[in-house]
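Number of protein chains: 2
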Amino acid sequence: MNRFQIEFLPLDLPLKRRFTISRGSRDEVNNVLVKIHCQGITGIGEAAPNHRYNETQESAMSFLDSFGSYETEYPFDISLLVEKMEKHGDGEFAAKAGLEMALYDWIGKKLNIPLYKLLQAPGRTGPITTYTFGIDKPEVMKEKVEEAGPYPLLKIKLGTEYDKEIIEAIRELTDKPILVDANEGWKTVDQALDMIRFLDKRNVFVIEQPMPAECTREMKEVRLKSTIPLMADESITGKESLQELSSQFHGINIKLMKTGAISTSLKIIHQARKAGLQVMVGCMIESVIADTASALVALWADYADVDGHLLLKENPMEGLEILPQGHIRLRDIPGLGLQ
Amino acid sequence: MNRFQIEFLPLDLPLKRRFTISRGSRDEVNNVLVKIHCQGITGIGEAAPNHRYNETQESAMSFLDSFGSYETEYPFDISLLVEKMEKHGDGEFAAKAGLEMALYDWIGKKLNIPLYKLLQAPGRTGPITTYTFGIDKPEVMKEKVEEAGPYPLLKIKLGTEYDKEIIEAIRELTDKPILVDANEGWKTVDQALDMIRFLDKRNVFVIEQPMPAECTREMKEVRLKSTIPLMADESITGKESLQELSSQFHGINIKLMKTGAISTSLKIIHQARKAGLQVMVGCMIESVIADTASALVALWADYADVDGHLLLKENPMEGLEILPQGHIRLRDIPGLGLQ
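Going down the list, the protein sequences come from chains Z and R.
Mapped onto my numbering, the consecutive letters of the first sequence carry residue numbers 13 to 351.
Mapped onto my numbering, the consecutive letters of the second sequence carry residue numbers 13 to 351.
Note that these hints are calculated values from the structure, not bench results.
Treat each hint with caution, since some may be false.
Identical copies look the same in the list; a pair holds intra-copy or inter-copy alike.
Unchecked claim - Computed cross-link-like contacts, SDA-like style, restricted to lysine to any residue with a CA-CA straight-line distance of at most 25 Å: (1) K279 to R136; (2) K286 to T239; (3) K156 to D24; (4) K122 to Q17; (5) K149 to S74; (6) K188 to R214; (7) K279 to R343; (8) K237 to G288; (9) K286 to Y163; (10) K188 to K286; (11) K122 to S91; (12) K237 to Q351; (13) K122 to D344; (14) K251 to P241; (15) K47 to K237; (16) K237 to F31; (17) K286 to S253; (18) K286 to I240; (19) K279 to F210; (20) K176 to E67; (21) K213 to S78; (22) K279 to H339; (23) K47 to D24; (24) K199 to G80.
Could you build all of it, start to finish, from the sequences and the hints given here?
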């Protein structure tokens, strides 16, 4: 029997800049560092609780505290931990993801193998990651475009009353391809289609969540008419089938902090592929710890948005690397690839 | 340092019935049983050498003999074995697949985990497997249809001068959906399209390799006009890109004995999905050992044809199960699932 001791600590991460999306602004994110200890080896993970789903640093730590330690005869069967966490309580996907990630890191270290190899990822280099801008006044965007210098793909958060002005301001500064995240910001079919026509002329290659999740009927019409691939984000709740989503979207944005596990994410990717959906892997505002786990999953994806750690003043460790052309790459060291 | 001792033995497998395809007939197949021993644990595999690629039981055993033993500091990193085998010699994909399969079985047993769990397969139940008929005179087909009683999907080998008569004879006996394997048997675009029109009216759900592999130009035309999904088999040599294949076919048939490894097969499946191709996993005439490894890979597939072991008089072990509705299922025991 193997007894894993679980340790967790607040991980408060100041941002380089105030970050604004259509739901609000923040200067700091309050995540949780998770460590799992057994046989002299420590696995590391991170929970990035999501306010939209009523998760906070406190609720995540409370979940981990009540979960206690983890005993198992089969430490390499990660599904046993996932099942035990599911039984322990609903929700708290960030805490669950942080703990599963830590056990996976432990497994890789114990077996002396990088996880991308253990899981037979297609390689250790993945898609080009986008570099995300929060919403800001057009004049502030200029500075941000300069900061994004080394990254070839931009991700812009829209859903404001001056979406077109933001894009026009950026297009005066750079012609880099843009992924637009509307964060449910467009409220009617006409508004969504008008924006898509506008964005299609301005080198936008993907649009994430154009309309509110409840607009399923409207999204079917928008999808049929859209000339740009549309990715589901808030529309993914885990209750709907991927077949249903494929009538509203061309692909799905998978986030570890929403699926609650690397292992679950890989299964969702498989199902999405079978349903003919494209796959994007996104992140929360999180440190390089969780972003490295997200990058692991993104090795199977078409699009990667794992830049949370780039928005922080500093990171607690080193993990995924971003190559000169913008591709993500995992380190060739045991476990997740953290050091 | 871990030293794996490699053992190999002829595995001669008499068939229930003479088996005929457009390239010839056989009453017995001559495969190789592969065992790998280390730390008191034995991993088991099987090589099913393919005459089409100049592989025989002798050449496979000769490859394994000259490969010798396997020493590694990283026994769980299967890519190191795959690389070492590649360096050791060209071809001999069956021998390579047999040895990689044996090491994977060892890894699962060593870690006390079924491989479908270690590799995060979507589950342990996969697609419905087809049940294959060799080419035979129409009167013999009646007996075969009766033998296929429990299996809901049939696979028929065509490419003869009396293809239509064979299908008509079967359709007088059963309306089960049929997967047709033409084994490169149709020589012109007109012949292929005529057969597709004929088969589309007779509940044929997939056609494998309608024309010779060298007919790339012809296949592009056939693919555009085909109302039935077309799978590549002989057209896959490993040299062409999946993008190229996707202009000739709707999907690819992946066989362990051609890719040379479970790990390689999983990577090809990922690439095929990204290229928008459907995935079928096939087999050679092989025992339940290799078929169980093929079934593991088929957990990620749309179509499975892993019935080689059903064509044998007897099998050396127990492995994959076929559920009452015809779905393949792996056993929930450590390793490949052999006992």
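*Intra/inter-copy verdict for K286 and I240 if alpha-carbon distance must be at most 25 Å*: both (21 Å within a copy, 18 Å between copies)
*Given identical chains, is K279 near R343, meaning Cα to Cα at most 25 Å, within a copy, between copies, both, or neither?*
Close inside one copy (23 Å) and across copies (19 Å); limit 25 Å.
_Reference check for the pair K279 and F210, CA-CA at most 25 Å: within, between, both, or neither?_
Result: close neither inside a copy nor across copies, 36 Å intra and 38 Å inter.
_If the cut is 25 Å between Cα atoms, do K237 and G288 qualify within a copy, between copies, both or neither?_
This pair counts as both: shortest intra-copy Cα distance 18 Å, inter-copy 21 Å.
*asked:* Cα distance capped at 25 Å. Does K286 pair with Y163 within a copy, between copies, both, or neither?
replied: between (31 Å within a copy, 24 Å between copies)
*Go through the copies and call it for K251 and P241: within, between, both or neither, with a Cα cutoff of 25 Å.*
within (23 Å within a copy, 31 Å between copies)
*Intra- versus inter-subunit Cα pairing at 25 Å for K122 with Q17*: Answer is both; intra-copy 15 Å and inter-copy 24 Å each pass.
*Between the shortest in-copy and the shortest cross-copy C-alpha distance, which are at most 25 Å for K213 and S78: within, between, both, or neither?*
For K213 and S78, neither the intra-copy (53 Å) nor the inter-copy (61 Å) Cα distance is at most 25 Å.
_As a check of your reading, is K286 near T239 (CA-CA no more than 25 Å) within one copy, between copies, both or neither?_
So K286 and T239 pass the 25 Å test inside a copy (23 Å) and across (20 Å) alike.
*Is the C-alpha distance from K237 to Q351 at most 25 Å within one copy, between copies, in both cases, or in neither?*
Result: close neither inside a copy nor across copies, 47 Å intra and 54 Å inter.
*asked:* Regarding K286 and S253, is the shortest C-alpha distance of 25 Å or less found within a copy, between copies, in both, or in neither?
replied: both (12 Å within a copy, 20 Å between copies)
*Is it within, between, both or neither when you check K47 against K237 at 25 Å Cα-Cα?*
neither (47 Å within a copy, 57 Å between copies)
The structure does not agree with the numbered hints 5, 12, 15, 16, 19, 20, 21 and 24 stated previously, though it agrees with the rest.
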